[in-house]
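Residue strings, one per chain:
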Amino acid sequence: DAKTTQPPSMDCAEGRAANLPCNHSTISGNEYVYWYRQIHSQGPQYIIHGLKNNETNEMASLIITEDRKSSTLILPHATLRDTAVYYCIVRVAHNNNDMRFGAGTRLTVKP
Amino acid sequence: DTGVSQDPRHKITKRGQNVTFRCDPISEHNRLYWYRQTLGQGPEFLTYFQNEAQLEKSRLLSDRFSAERPKGSFSTLEIQRTEQGDSAMYLCASIYPGNRVNTGELFFGEGSRLTVL
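Heads up: the sequence lines are chains C and L, in that order. Each residue of the first sequence is one higher than the last, beginning at 1 in this note's numbering. Each residue of the second sequence is one higher than the last, beginning at 1001 in this note's numbering.
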């Protein structure tokens, strides 16, 4: 599976959009981009995933560049509860293998 | 609450003792994963089961570690002769069968934190 690069930390003001970048320049054509987050003292939580097209759900939006070498997770109106570590992962969807987590981005939402 | 239960949530033990963690996945989830997470790092894959079959083990899973899922439902992770380096959060995750298997939507428990003195 391809590796990802994320900034170690970011801050965001409450109520503003949080834009979390991820670079995955070696992504293969059959690899999806996944985002999880982990709030302190809890297990990771699935947020969203995509292949080529932009995706949106009740939690977030995922914007994938046309060359698929990078993506951005957008939390449209960040709240204090969104303070967490956010993990960007690329993985072949049909792979029976594990979901490989990096160190992620620690997002701090400030009042 | 994701529906994946782990027990105990916290365990403090002395070096050399054996410890066992239990994971109860969401019912009907046929795939179950174990991860280990140390402070400041993302979760690291240890092993996974498809029903009762253990299909893959990471090289992180030394001979002192053993995992079972005897009836394809709950799973246990045992660490024998614990070492201080085993101190970590041990996370269990399960995944919904069918198409969801291919979407990567793992459901994690809240983990079992091990401290080895």
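Think of the hints as simulated: they come from the structure by calculation, not from any bench. By construction, the Cβ of each residue, glycine as well, lies at the ideal position given by its N, Cα and C atoms. Incorrect hints may appear among the rest.
Unchecked claim - Which bits of chain L does chain C cover? Going by a derived footprint, with three or more residues having C-beta under 8 angstroms, they are: (1) 1018-1024; (2) 1065-1076.
What the hints assert, rightly or not - Sample of chain C residues facing chain L (criterion: CB under 8 angstroms; computed from the structure): (3) Cys12; (4) Ala13; (5) Ile39; (6) Gln42; (7) Gly43; (8) Pro44; (9) Tyr87; (10) Arg100; (11) Phe101; (12) Ala103; (13) Gly104.
Check your understanding: Which earlier hints turn out false for this structure, listed by number in ascending order?
Key -> 1, 2, 3, 4, 5
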